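Assemble the dimeric complex from its two separately framed chains, guided by the hints.
Protein sequence lines, in the order shown, are assigned to chains B and S. Numbering of the first sequence is given in our numbering, commencing with residue 4 and proceeding in unit increments. Numbering of the second sequence is given in our numbering, commencing with residue 215 and proceeding in unit increments.
Quick caveat, the hints were computed from the structure, so don't treat them as lab data. Keep in mind the model is a prediction, meaning the values are calculated, not measured. Warning: the hint list may mix true and false statements.
[Unchecked claim] Covered, in the sense of this in silico footprint (three residues per stretch, anywhere, with C-beta under 8 Å from a C-beta of chain S), are these stretches of chain B:
| no. | stretch |
| --- | --- |
| 1 | 49-63 |
| 2 | 160-174 |
| 3 | 236-244 |
| 4 | 393-404 |
| 5 | 643-652 |
[As the list claims (entries may be wrong)] Just some of the chain S residues that point at chain B, by a computed CB distance under 10 Å:
| no. | residue |
| --- | --- |
| 6 | Ile227 |
| 7 | Gly251 |
| 8 | Arg263 |
| 9 | Gly264 |
| 10 | Lys265 |
| 11 | Pro268 |
| 12 | Ala272 |
| 13 | Lys273 |
| 14 | Ala295 |
| 15 | Trp330 |
Beta carbons are placed, not taken as given, at the ideal position from N, Cα and C, and that holds for glycine.
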Amino acid sequence: MVNPILIIAITLASAFFIGILQVYSKLWAKVFFFLVLIFDFVAAGANFYGFLSGKITSPILVKIGGFPPPIGINLFVGKAEAAMGFLIFTITLLGAYHLARRGIPEPQGKAMVLFLLLSLGAAGITFTGDFFNLFVFIEITSIAAYGLVASAKTEKSLEAAFKYMVIGSISSTFILLGVVFLYKATGSLNMLDIAKKVKTFPLTPVFSLISLVFFAGLLIELEVFPINGWALDVYQGADPVVVAVLTGAAVKAFYLIFIKAGGYLALPSFFQLSLIFGGGTYLVSQFLAWRQRDVRRLLGYSSVAQLGLLILSAGFFLNNSLPSSSRHFIALAIVLFVFNHSFAKSSLFLLVDNVETREMEGWKGILKRNPLFKFIFSTSVFSITGVPPFPGFWAKLLLIFAIPKEYAWVVGLILLGAVAEIVYYFRFYRIASDGEGEKVKKNLASPLAASLILITGGGVAWSMFSGYMGIMFNSLIIVFLMVAAAIYIFGFSKPLQWTASLVLLGYGIYRFLPSMKANLHGFFLALVFFGGAILLFATYPTSKRLSWSFYPAYLVVIFSLVGIALSTSWLNLFVYWELMSWSSFLLVNMGKKAKRAAWIYAIFSSAGAYSMLAGIYLLPKLSISKIGVTGVLIPVLLITGFLVKMATSPLHIWARDAYGESPDEFTPLLSGIMSKIGVFGSALVFLYVIANISSGPALRYGLAWLGVLTAFFMTLLAVFQEDLKKLLAYSSVGQVGYILLGLAIATPLGWNAALYHTVDHFIFKGLLFVAAAGIIYRVGTSYLPHMGGLIRRMPLTFLAVLIAIISLAGIPPMAGFAGKWLLYSALIEKQWVFITVVAFLASTLAFLYCFKILHTVFLGQLQDENKNAREVPFPIAAAETILLVATVAIGAFPRLLLDPINKVLNKIPGMKNSGLFYEKTLGAVSKLGHWNALFLMVFTVGSFIFALIFFALTSARVREVKQLDVGYAGEVPRQVEDLHFGYDLYAHFRRTVKWLIYPLVSKIWKGIYEWTGTFAEVLRRFYTGNINTYAAYVILISILILHFFAGGK
Amino acid sequence: MFFFASSIALILIGLYAVLVKRNIMKMVIGLSIMDTGVNILIISLGFIRGKTAPIINAKDLLVRTSSKVVDPVPQALVLTAIVIGVAVTAAALSIVMLMYSKKKSLEIEEYKELKW
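Only chain S is shown next, with the shape it has when bound in the complex (with noise of 0.2 Å):
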């Protein structure tokens, strides 16, 4: 439970930023909050009190392991989806670069030549 309620109060973080912050770079790291609560959020729907780790060999499989561990889908799924974070955070990062190389400013208000 407190895994999802972190994981939601960080989704929310995430979108306030967006919403309302005017610097393009604090909408970045909100995306990436937001992210990072998405990616504990699949976490913890796979998360099972009390259970360890999905890591099985020869030996485990004799006795019924599936009893023992975690779903280990979203973590796969996660590591997944972190990678792309970071990739979608570096292509972010890389743009907001050239926006305030052209125009030396990171004020959201400044970028609104596309309207209408």
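If we strip away everything but chain B, and leave its shape as in the complex, we get (with noise of 0.2 Å):
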């Protein structure tokens, strides 16, 4: 144990020592500095392990200047005091390292002297344990605070500076006046003393009223909306590095006296108090950073949200009507929200200070050309957004699952903000990585510890986690998640990456072989293995231009998916999900131009998930069973979160980008398996939810509708698409929509058909996928109209193709057709008239796109430019090859398929009996008819080789046309044209149904971004920059909070 006046006392004195001693050496003057910082920081964290260690039990309590408290004033240091001290120095330290290395700015020294006082003053706030040491404490902190905002001596630091004086001034004037009428009232300054004093201590208006003079201050001081302005202000305006420390130090400071005070004063409106400045500050501020340039006052709008959070928490921290296990998980909650912000914030400052350029457009690009500035600054964003595995992660969760359900909307308001967050900080993100920026000043190393500890900092809270709310993640998984991520090592030899990953999938298939039971969880689990499988032995041709992080996000997104199938609790599926959305976000934005359509991605998927979250929130129970809920709502958010990731209309506007423009290497995985995942999400929502509510049938039936018109709407945009990605996303979406549809049938024979299309739906969409990786890969280009003609280059992927694509029309014989089979049976059987109709119509629909895929690609005449294609590559042309024959086996023989999935249906109640048998000669039986696969398939490739001899042996009359070798109407074709029709291949049918294709849907979400920007960039021209008003608020806002917040029992 170190004594913590000690900390104090040598700070305070070298601060000044330093002030002489730079006057004769400088370097002695950053040598001095330097060791002072380093024996707080280490005082500092001895006293912190001392409590973590157990070795210190009690609160270590100071007594200064020979009088023993109350009279005296003291020093109180206990768990929470000392880890605040340790972040204060840790964050000092990390930034006086950064302001060394930048060169600190002439005239040298001065900005040493104050970082000491800065610190100490945070330090001194912290440990003391009297209100009127604590008021000088303030005042230190400040007075320091101000001269590091003007040190950097431009017109906007001076103008920040001056406004944070004005304002800082107002402040400490109702923290003093607050101070000494607590005195007056308690006859004490002691915290502790006037604690005991308060609670025998008649609770007065008049007490309250004190109390709050001493409030108001403090919450000027935590920048609570609206009279924040000026830490707007300075955080755009002072040197970043200053505010690094500022915003991770000393408003950590403050924040923990307002919950000491609160706790200490039992202010009964506290809580009030905190809910409506926390709440609103953080709500709104996330709102108004949308429309902001400038990366630091954004950044502003971040923290001054991040800290409104903080007082909301504290507020829940000290509301004592909450059980206590509750108030527990809320102060671990606050641990980690300030261990997070604090870190990441300063991060990002820091990173600030590497960059010129204040515009948000100056950061266009600057992530491709300095990948250490990438790695910190997508920890930063990632930590602050509260991405798993990242603390800020746990932080939320925590803080969700600990408030009571009758403060449900403030979960709302609080996920709500965040996806708000996410839209501004993913637009920042995006900005930043899209093109080849300029490469940046190299001071990274305080950043960069920075986000390692935060690495580390969310690994511990992983691991605490599942103690704290009682659920088991599955520690192979776990391990497995490590070792992907571990991948990341071998990134200097893809091929190496791409062996190391196929080994671990392997060994993960070994080693979950027993967990592919006939379930739910079995089923999907097996999917995902070998699905996944297929898909990454396809990836090799192409990974020598991958990222070094392809292969590692690649892996997380399949364990995650593992994780999620074989979940028991939906916070579990939760987590997972998360992990595997916001992986899968990076996969996406590694494409060349999918920044926006990963920027989008990120906002639905995070949208979808927090809505998910919020349905997970209010279930009575977290296990996955059967679940008695009553009303659509829990349904209702639960499923959302599913139906963004299966692109569900009208969720799917991230969909066509996201998929079109991903890495041809990751859009098999996105489209084959990972919108399969929503399905057995969405499977288990209809399972254990929606099956016990009253409401439920008509739940079911909107969801049918749903599903019906994604089909029948994306089949339609897909038959005018003229990207060969583009239209697969839409046709998956669509072939998705179908299984929503099936699903929503609920009857026995809708899940055999919607499991059924969702094993057929990969082996189809994976495979065209897989081919269109491969023929993109060969032509260079997935524009529809540039390719043509290639049925000469590429036969095998032209069969596989042609398979796939007869397959995915639902002709017979090959497995699609019992998918469509089965799912208009289950329609006709559930007689759903008007679904059924549309169902027909879109999948009339889609022969369209079908032949347009086959007609543009492989048909008609080869492009100059495509001479030289070759076939695809030989692990692509396998994976087409397995494919392919599994298209064809489960057509011959649908009960491969079938079998399995009546064994798992057999499990669910109410699934058993589908009224599908199998005969002999019939072959599948169901109510309304019946087909023989094997049959079909025979005398199908029968007649098509009975075709074929026939044409061998007349074939002597057949004569090879060369492209000039044309009578047109009597006229010869002079010179090579392009005689190859490709383009707008359906022009007479879009004219047609014109009205019909219109963007309704993504005009909709792009008014609600436009409006709600527009709404706040009018909103923020309240904080007009002009000191009278700002100073003015603050003095309304007070009166207002005297007025309204006194109020005694």
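Written out as structure tokens, the structure is:
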């Protein structure tokens, strides 16, 4: 244990000593400066470690000046204070090191003095046990902060310092008055003494008023809306290094004293106060940042918002009516939030210091050329926005689940704000990762340390989290996830990464084989593993051009999917779900033109995930089993999250570009497997939640319409799409709409159809996307009109695509027919007439785009630039072949797939008797009819073979026609023209249905985004920049606080 | 009562300057006046009419000293607060000085670069 007074005294003395020393030797001043900071860091760390390890059991009380408390001043260092002290000095040390590497601004040294004063003031605020002493430390901190903010001596920084100074003075006047009034009311200045007295004290309105004067001062320092104009200006105007330390250390000390005083003074309206100001600040600031162009101010808005969330949490923490276990969780959440925000935001501001420009546009493409910068930036942004496995994610979960259900609306607000946060942070991320930017300065040691601390903290938080929430994480999955991420180190050789990935996946299959039981979980697990392995295999040929992090992210996606499939608790599922969403975001973002698509994908994914989280929060229990709930809110919230991943209309607008622009190596997984995990989740919701509510049938009917309309409209859009991958994207989304329809029918036959189509769609759409990857690799474009005639160059791929398309269109004898047959049987059985009609229409439309693929890619005239195209490379061809064989085999023997599905469905109550049975000559028999797949296959193939033989026998009369060898109405073409008719193949049809393909949904979403942004921009004008106005806001709000929140028992 | 009234009047005058004056120098003066008002307020909280200063020696302790003196704590606090006030004013003035040297203006309208 180190006496905390030593920390303060030594730092204070050294601060002034350095001022003198630097006159004589700048070097020694610097050395001395770091020695002091390191001493502080070590001492504070030793105290914190003492508390952690249990060596120090009771709070450290230090009396000063010989008088025992409550007369004399004393220091009080408990666990929280020790932790905060350690945080303060860690952040200060990082900031100071950064400053020293950059070269402390001239005239040298003064900044060092102020840095020491700032950190000692913050530590004093944290450690002190006396209210007047607190005021003194607040003033020390403030004066040091004014000086530091002004130290850059630019016009902006001086303006910020002046504003800070004016509002800071008003704030400290409030604090001083509050302290003196407190003394007058209680006869003491000692915090513990006052706390003791307050317990026996009549909490009169007058006493509340007195505390409120104090809290009003603190709330100004805590930058609550709308009295935080000065703070935003400081974030914008000051030296980023100074801001990093201010927001990472000093403000957090103010926050700690806010909680402590809240506890000591027992203000009756503390909860309402923190709810209104914390929650309001959080939500408003998240939106105000939307259109912010200045990076520093954007981060300022974000800081203010995070602080608002902290204030909100403080209110819940100190609310006595909450059960103590909840309050314990909230305390943990607060610790994690403070930790997370301090390091992530400091690291971001230190990064900002490396970039010259203030404008966000100047950050364009900055990540590309600066890999270390990219790593730190991503880590920090992910931490702040609460992406797993970073601490902010766990903090958010802990906080949300500790909030009692009667405050569910607060959870709603928190999640809404979180979505808004993702919108602007990832717009920033998108700009920073778009294109090739300039190189930045390389002062990255401190932010790197901060992000490493964050990653460690996230790991620790995860390992402790399951204990808190009583949910078990499958440790095997976590090991696999970690190994998967560790494959990153092989990034220097992509083939090595590929091999390692395959080996890991193979080992995963071996280890998880026992889990692939005949139930819903096992079914999807098998799909993820075997499907993932095939698709991973096919990535080899193009692996050289992939990013270092492609394979790690790919594997994290796969093992997160495994985790989702094996989850037994909704919360567990949510954790893996987020992990999967964000690693897939990284993958999508690797596409060259995918930045915007990835941004929209991130927004929709997280909005869906948070909707799901809200549903999980409202569930009475977390285990995935039959749950009795009432009302449609919970199932709708839950299923929205899954529908986003299935891209069901109207949540589909991310899909076209995310599929179309993501790396070709990843798209098969996105379409083939990841959308199916949405099916899995929806199935769980149907099974365990929707099945038990009274309005279940109506909800199912609604979802069935959603499914079929998705199928219809996406098919229609696919017909007019000119980009191979985007066409397949629409097709994929439409097909998943059928699956949703099958699930919503909720009869055994319907589920048969849904599960069958799930696997089948993986097979043919996986095949098509893999083939597309191969074709694009060979011809270098995915623009359909630039292809054509590739049948000669890629016969195998042609055959594979042909078969896949037959399957896709649901034409016998391929596998797709069975799915369609089952679905229509189920629909007719259910007697949903209109839905059936629309489904038929959609299937018919699908023929159009199926033919379009075949025609524009393979048939017709070969383009000159594709003359040298060859068959797709071996691993892709192999994957094609495997999937091709699967399609044909299942087409001939559908029981290969239907039998396992029946086994799965037999385990599910109410799904047992599908009425489907098999007979030798009739084949599969349902109530409505029968079909013999093998017979169909033999017959069809036989007819083709017969025709082929006939053709072979008569081929003597067939002559191959060269392009110029045509008689065209008697004319002979003189020159080689492009006779391939590829562009806008269905122009006439397009004109007919123009009104149907009007992009209404995306216009609505865009409108929401634009209007919210405009609204935020107008609201932001509120911060006029005029200090008179700011001061007026402060006075006005303080009067309102005093007026509305005073009121005792 | 007079002390209370005058201190609150001083605080209000100071606030008026901060809220209304367009000249940053005058705003700093306002802050300083506000500070003085707060100090007087604190003193007057501990003030008891007719009592003496809390300076005590051994002889005084023999008689019931505590009934003769005003509350010493506010006075001690004010001493600290005055020092802090001076420091803040000094810091403020140096910032104002730097601001003036950059833009040659003390008008607050000139310092609205940071906003929104």
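- Task: Starting from the hint list further up, note which numbers the structure goes against and sort them upward.
- Result: Checked against the structure, the hints that fail are numbers 1, 4, 5, 6, 8, 9, 10, 11, 12, 13, while the rest are satisfied.
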